[in-house]
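Novice: Listed below, chain by chain, are the residues.
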Amino acid sequence: MSALALQIGAQVVAEVRTRLRSAGTLIALATILVGAFVWIPAPGGKATSVSWQLADGRLQTSVQSAAYVGAAMSFLGGFLAVAVGFYLVAGSIRRDRERRIGAILAATPLPSAAYLLGKYLSHVAYLALVVSFIVPIGVYHFLRFGVGPFDPVAFFGPILLLALPGIAFVAAMAVLFDVAPGLSGRMGWVIWFILLGVIVGALPIAQAKNPVTGINDRLPVFDPMGGGTVSVLIARSLPQAKPGTISTGHIIHDRVISAVAWSGLPLDADFVAIRMGGILWALPPLGFALLLFDRFDPARRRSKIGRKAKAAPALPAQVSFDPEGAAAALSAPGFASLAPVVARPSAWLAVAADAVLLWKTGSILRWAVVILGVLAAVLPASAAPMVGGAFLLLLAPLISEASCREALAGAGPLVFSQPGVPRSGVLWKLGSVALFVVAVSLPFLLRALVASPARGFAALSGLLFVAALAVSFGLLTGGGKLFVGIYLAIWYGALNRVPYLDFCGLFGGDLGLPVRAAYLAAGAVFLALAMAVEARRRVAGSR
Amino acid sequence: MLEIRGLTKKYPSGTVALSDFSLSVGEGVLGLLGPNGAGKSTLMSILATVTRPTAGTFTWEGQDGVANPLAVRRALGFLPQDFGVYEKLTAREFLLYLGRLKGLSGSDLKRRIGEILALVNLHGAADRRLGGYSGGMRQRVGIAQALLGDPKLLIVDEPTVGLDPEERVRFRNLLAEVAHGRVVILSTHIVSDVEAVASTIAVVRAGRLVVHETPEELLRTAEGKVFRAVVPSEKLAEVQARIPVSNLARRADGVHVRFVDAAGALGHRAVLPNSEAVEPSLEDAYLLAQLGGTP
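Line by line, the protein sequences give chains A and B. Reminder that position 151 of the first sequence reads as 151 in the numbering used here, one-by-one numbering, no gaps. If you count the second sequence from 1, you need to add 1000 to reach the numbering used here.
Next comes chain A alone, as it looks inside the complex (with noise of 0.2 angstroms):
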């Protein structure tokens, strides 16, 4: 094995073995392993994984076969690999920076682009494992419920064919926007998820459109979640279906529909060759990321960003020596002659200044939350969906951080030390997240709140809800990105009306007391968790 090989095999070892071994992945693991139980309904039910529409009116589904549990792990692995995949892995380039490790890097014989590719595959299998957790769910389910012989083919296939590409796809725009100026941040998280829309969603069904029929026919080339690959496969393979009248994904009827047999996705020479080949794209951002990379120096980082490096001014030929200035270094003014200072510590003023600097440190971000807050109190009732969805969504990146900022930072001996932090931190953070996002979200809460007061409660409890979560994973993670990647699968299912996801009544779901205080149990049972850590930390000094 050559000596690069090895310096980059070290690498992702090295890479993979810090992240299993934090408590976010697992917690990422645990919530895989729930939501994709979740995810594949059981039999009888009124939820299915693939359903379509006969000429006649009358719905259908498949059974339980290999094929179907297999469509429905394959669904699943692309949507983790692609929308919350990307907030799993980003972000590692970044901590290189920021805790100096990359200082120590760049000053080995290791070349940038091994650098980079290290980075990469240890993305690439870290998500692979992440996805292959859904498998022992499938399996489980195959075998309680499962109908017909066991397909190998048929079962592992689709996931293998849909995640693979994924996977791949969205390590490389991983280590782009690690490196990437602007982009390594928060900012970056919200700008890769509005991507997503367009790479999930218009690019893929674009290509799938045939431009003589108008109908989605074609498998597109560039898909990395495969939605579009699925979709034009599934018709292919239910002729007997209504076109347009195909859903896949978590879909819940109003009522429970027919099971008949299908055959599964066709996995044909085209399809397989098409999301092989699909793993090129990654190419491209790998290419750009290593155009981009300064390997760990700051001037070139600078000279990049807007070319507003100016020439350094010429040093003086001779420095004579200047007693007088020596003198005024070495002598300091009297520590006795400062004024006295009165210190009034108190929790309040604690969480006000910790509210206050979540706003100082929110970037551009914070006056879009701002301007959308008001937007969704001014504008028609009809737009506030689209415009409070807009709202939540901004408002993830801003408080992500918020509880673990002082352990990002190294600046916990510091903080924690103070006489106005109240010996919960937890409870700390809370109430600075609480406050901020009230205080931002207050036209918008006042609105929800003129409209009915059970509107108003549940954009209440909703936020608080939000806050409880951002704070608790925040501590149990020691990160931002696993709360920002579950907060947006939530923010997505109540974007797309699935009623128990609505969390804070803005979708149509339901306002009763009892959904919203299940959302504020949630909460509560999340930060009870945290706590139970932080105390934890505490006696063993970690802090």
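It cannot be assumed that every hint is accurate.
Claimed, not checked - If you anchor each label on the Cβ, the simulated ranges turn out as follows:
| # | chain 1 | residue 1 | chain 2 | residue 2 | range |
| --- | --- | --- | --- | --- | --- |
| 1 | B | SER1024 | A | PRO111 | 50 to 60 angstroms |
| 2 | B | PRO1035 | A | PRO111 | 35 to 45 angstroms |
| 3 | B | ARG1111 | A | PRO453 | 44 to 54 angstroms |
| 4 | A | ALA439 | B | GLY1136 | 35 to 45 angstroms |
| 5 | B | ARG1220 | A | ARG423 | 43 to 53 angstroms |
| 6 | A | GLY9 | B | ARG1111 | 50 to 60 angstroms |
| 7 | A | ILE194 | B | GLY1114 | 34 to 44 angstroms |
| 8 | B | ARG1111 | A | ALA106 | 35 to 45 angstroms |
| 9 | B | LEU1248 | A | GLY9 | 38 to 48 angstroms |
| 10 | B | GLY1131 | A | PRO109 | 22 to 32 angstroms |
Just so you know, these hints were derived from the structure itself, not from any lab. Beta carbons: idealized from backbone N, C-alpha and C, even for Gly.
Based on these hints, arrange chain B on the given structure of chain A.
Specialist: Frame of chain A, contents of chain B only:
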């Protein structure tokens, strides 16, 4: 003012960082000396109420610091050994944030921040983002925040790391001034820093207190136990194998070695018959304490 009683800290990994550590600290600067891993930073972290001890306690002006950490925090200024800052904030904004957490507010806080920034020679860079600061400038921001609340108990862990010689001298002078009417605990590896400002010195080894004395007393214990000799180059390896050499320098007449030998226990006369006793330095006294050569 500060009473430490039987502090013990055992980490979940099984490492015992502090073991039954007791000490009384009065007004002035206590210099804390010890090798890496001796337990100094753990002790500082416990006294700063950041880490909880496994056993034992400490009191600050009669109040139990473990049961009631707030009583200590109200009086505390703490500069940890390894700390980070929020890189997107300016020094002034960062101090404003920490000042509010200390309970300061309004115009008092703003004025105080201006004064403290001048004190640490950062007034010219106060409105620059911390991300662009050099290591020494960050260290001075750390010093500034520790002094912001006019602390009665100042705990500083390796405060002069990264400072240039002028700033180091300036900071040492500042510490000596601050120590009037206050308790200052200074942990460092730089013996000359301790020598310059400490009223008392505590030497720590393997989580235990070895010595707690004034610098003068510590120096006295080293008298007659520090020697100098000139060794031919070819004999150096043999000497180093038998005697702990504290300093060596190659000169034209051979290698000049300086070493400590408590009460002749090492039998250095057999190896270096021409050695002569010299005036001990605080570094020699510290080495002797670490070697177990002081009572």
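Novice: All hints, please: hold or fail.
Specialist: Checked hints:
1. B:SER1024 / A:PRO111: 50 to 60 angstroms: Hint holds: Cβ distance 59 angstroms, inside 50 to 60 angstroms.
2. B:PRO1035 / A:PRO111: 35 to 45 angstroms: 39 angstroms, holds
3. B:ARG1111 / A:PRO453: 44 to 54 angstroms: Check passed, 47 angstroms falls within 44 to 54 angstroms.
4. A:ALA439 / B:GLY1136: 35 to 45 angstroms: Given range 35 to 45 angstroms: holds, Cβ gap about 38 angstroms.
5. B:ARG1220 / A:ARG423: 43 to 53 angstroms: 46 angstroms, holds
6. A:GLY9 / B:ARG1111: 50 to 60 angstroms: 58 angstroms, holds
7. A:ILE194 / B:GLY1114: 34 to 44 angstroms: Holds: the Cβ-Cβ distance is about 43 angstroms, inside 34 to 44 angstroms.
8. B:ARG1111 / A:ALA106: 35 to 45 angstroms: Holds, at about 43 angstroms.
9. B:LEU1248 / A:GLY9: 38 to 48 angstroms: 44 angstroms, holds
10. B:GLY1131 / A:PRO109: 22 to 32 angstroms: 29 angstroms, holds
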